[in-house]
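K.L.:
Position one of the sequence shown corresponds to residue 662 (the working numbering), numbered consecutively onward.
Treat the hints with caution; some may be incorrect.
Calculated lysine to aspartate or glutamate pairs in the EDC-like style (CA-CA distance at most 16 Å, straight line) [what the hints assert, rightly or not]:
hint, residue 1, residue 2
1, Lys954, Glu915
2, Lys998, Glu1085
3, Lys768, Glu789
4, Lys954, Asp935
5, Lys717, Glu775
6, Lys748, Asp728
7, Lys717, Glu779
8, Lys850, Asp826
9, Lys850, Asp928
10, Lys998, Asp928
11, Lys768, Glu834
12, Lys917, Glu800
13, Lys954, Asp928
14, Lys954, Asp914
15, Lys850, Glu834
16, Lys998, Asp984
Please keep in mind that the hints were generated in silico from the structure rather than gathered at the bench.
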Amino acid sequence: SRRWDDPRRNSDYAMPAYHEREESKAESKDSDDTRYLVRRVRTALQREVGSRQSIKDLFREIDENGDGTITAWEFRRGLRNVFGFAKLSEFELQELINFCDLNGNGKISYREFETFVESRDFRDGDVEEVLARLREDVEDRYAYDAVQRVFEEFDTDYSGAIELDELHQGFREHFGIKLTVGETALVMKAFSSSDPPSDGRRSSSRRPRRNKDYVRYREFLAAMRGVEPRSHSYRDPSSGHRSANFAVRRLADEIKRCARMDDAVMDFRRVFEDMDRDGSGTLDRREVDATLKRLGVNLSRSELIDVMVFLQGGADDDEITIDTFLQFALQQDPGTKRLLDRVRNEIDRIAQRLKRPPDYRQAFRELDLDGSGSITEGELRSAMRNLHLRLSNFEVRQIIRMFDADGNYRISCREFVDFMESMETHRD
662 SRRWDDPRRN SDYAMPAYHE REESKAESKD SDDTRYLVRR VRTALQREVG SRQSIKDLFR
722 EIDENGDGTI TAWEFRRGLR NVFGFAKLSE FELQELINFC DLNGNGKISY REFETFVESR
782 DFRDGDVEEV LARLREDVED RYAYDAVQRV FEEFDTDYSG AIELDELHQG FREHFGIKLT
842 VGETALVMKA FSSSDPPSDG RRSSSRRPRR NKDYVRYREF LAAMRGVEPR SHSYRDPSSG
902 HRSANFAVRR LADEIKRCAR MDDAVMDFRR VFEDMDRDGS GTLDRREVDA TLKRLGVNLS
962 RSELIDVMVF LQGGADDDEI TIDTFLQFAL QQDPGTKRLL DRVRNEIDRI AQRLKRPPDY
1022 RQAFRELDLD GSGSITEGEL RSAMRNLHLR LSNFEVRQII RMFDADGNYR ISCREFVDFM
1082 ESMETHRD
């Protein structure tokens, strides 16, 4: 039986980008259904070969135009006419193509067809064998950043995450592991299964869910070490890379410069939105790198990773949320941070008056003097004055900008609670 290291999988192929699959079913059920379908089709093909014709004859029967490759349309007609698979959805057909497709071009060559028919099912043990091969390579490098270097061999687009086509191509080019696109997807699910548990707190970034056809660095690190993802050790730019230290200072200066409005109020949220080119609600490596390049700062991958981790206060994640960005920005603007700390302490005092942990919804209701569901500049000024905290018009506007996520110059209950919870999370 053939597996990923079969020498007959060694011919050279071009590797175009992999087209995203539809997100129609739950991931675990998807995987089980796909494996079952692949097993049925492979068994039917093997029976046909064993009963009346060779693999080459069967391939020619399905390849209707005789060009030496089977397209999705030809595969669908062949499975229907020869084997009676009459109700394959577009998703099921694409998954079948993926489990035949070694070079990722979306078609099936004779070599790929022959390999699929004669191979056994790709099982969980094969997934573990692929991961073990990667771990051996990491161990053989004897370097403190070996995992990072292996990760960067896969991450060819410099995004901070390994996408399916990058994983597929990287296995082939760097490790000699010949997998179909479908088999690579099964390995990718093994990486993603090490997601850390949530702490139950709702993220104020309201980040959209995305298809899990990618592997983050934390997941890759966990799979290589066989442990749950944790914050990886990093070199503080202030004590390590001079380029990274310079980049952090330049970025901090640019954030302060761009945040200053005509009325001298610092609008850090607007700067975050300008940097967030794809509108995802988070900053990835490419977006931070693009900002630094506009400032004339060119970093190596290793230096950029150090900058990303430094911006997150030592945390290990692939993307920077608005909460984390605000915390970094406030560290660069001590005056605004002191003002925010004063207001936060008064709000905490109200929220903890009756309950522990603090009830920020109740605190919001006390500050929303007219009960309209939002706090205006006038209400914030009056509420703080009632708490014996006198704020200037400038300071009130600054506080509103820090809480105001949608830019309407009011603070909704959700904005209020989200911001206060994020500040509580980052409290020293």
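K.L.:
For which of the previously enumerated hints does the structure constitute a violation, in increasing order of number?
P.N.:
3, 6, 9, 11, 12, 13 and 15
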